[in-house]
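Based on the sequences and whatever the hints tell you, model everything.
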Amino acid sequence: AQTVTQSQPEMSVQEAETVTLSCTYDTSENNYYLFWYKQPPSRQMILVIRQEAYKQQNATENRFSVNFQKAAKSFSLKISDSQLGDTAMYFCAFMKAGANSKLTFGKGITLSVRP
Amino acid sequence: KAGVTQTPRYLIKTRGQQVTLSCSPISGHRSVSWYQQTPGQGLQFLFEYFSETQRNKGNFPGRFSGRQFSNSRSEMNVSTLELGDSALYLCASSSAAGFYEQYFGPGTRLTVT
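Chains A and B are the protein sequences, given in the same order.
So the first sequence is numbered by this note's numbering: it starts at 1225 and just counts up by one.
So the second sequence is numbered by this note's numbering: it starts at 53 and just counts up by one.
Read the hints as simulated data drawn from the structure, not as lab findings.
Values in this document were obtained by computation on a predicted structure and should not be read as measured data.
All C-beta atoms, glycine included, are put in the ideal place defined by N, C-alpha and C.
Take these hints with a grain of salt, some might be off.
What follows is a list of derived Cβ distance ranges for each label pair [what the hints assert, rightly or not]: (1) T72(B) / P1264(A): 44 to 50 Å; (2) E1241(A) / F112(B): 30 to 36 Å; (3) E1241(A) / F121(B): 46 to 52 Å; (4) E1276(A) / G94(B): 23 to 29 Å; (5) A1240(A) / R61(B): 30 to 36 Å; (6) N1254(A) / G92(B): 22 to 28 Å.
Next up, the structure:
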C-alpha cells in the first residue's frame, strides 16, 4: 500500500515571496505519478502540477514547480511570487501507473498568503 | 466543455436514512471515481467505475455502493446513514481508466443529523 505524508499542517507566506510545501511518500512501485492539488475555500479540487516518476526532469507550470527526489521519495512544491489567490489547502497525491485511477492523498497543508 | 457536475450540492439527512448522490463527468470521459473528504480522515477513495463496471473499491463498508450508466453518469448510494458519514463527497472523471488526468467536481456536502 502507498502512503503520502504531509507533515506541515499550516504555512503562511507574504505576498510576492516564495514558499515550499513538503511531501514524502512511500511505495514499492516503480511506475507512478505524483500530483499537487489545490483546494480553495470553494472546495473545488484543482490540479496544480503532476510529475511522472519515470521523468527525471522536474515539472514546472508557470509559478509552480516541483522538486522530485525519487530515491528519497520526496516531492515538494515551490510556489514563486505568491499571490492572494494561492490561499488554499494543498494536497499531495500518488497514483500507481496502470489501469487504476485511485489517488492516495496526504492530509493536506493550509497555505495562507498575507497581503 | 462543461466540467464535472455533482448534484445535489448540499444535503441534510437523518441517521438511518439512505441517500443517492449523482455525478456527471466531462463529456467523453468514461471513468468516474468517488472520494470522501472529512476533517478527521482526509480524502479517501471510495470506488471507480469505467464503462459501467466497478474497477476498484476502497475500504468502505457495504453500505456504500455505486453504479455507472451507459452515458457515463454515476451515482453513489449510502444506506443506513450514520453520523460519521457526514462529509464532502467528491467525484472525479478521466478520459480512460488509469489515466492520470482527473478532473474533480465541486462536491456534495452531506450532513447527517
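Status of each hint after checking the structure:
| no. | hint | in the structure |
| --- | --- | --- |
| 1 | T72(B) / P1264(A): 44 to 50 Å | violated, 28 Å |
| 2 | E1241(A) / F112(B): 30 to 36 Å | violated, 41 Å |
| 3 | E1241(A) / F121(B): 46 to 52 Å | holds, 48 Å |
| 4 | E1276(A) / G94(B): 23 to 29 Å | holds, 24 Å |
| 5 | A1240(A) / R61(B): 30 to 36 Å | holds, 35 Å |
| 6 | N1254(A) / G92(B): 22 to 28 Å | violated, 33 Å |
Taken one by one, the earlier hints fail for this structure at numbers 1, 2 and 6, listed in ascending order.
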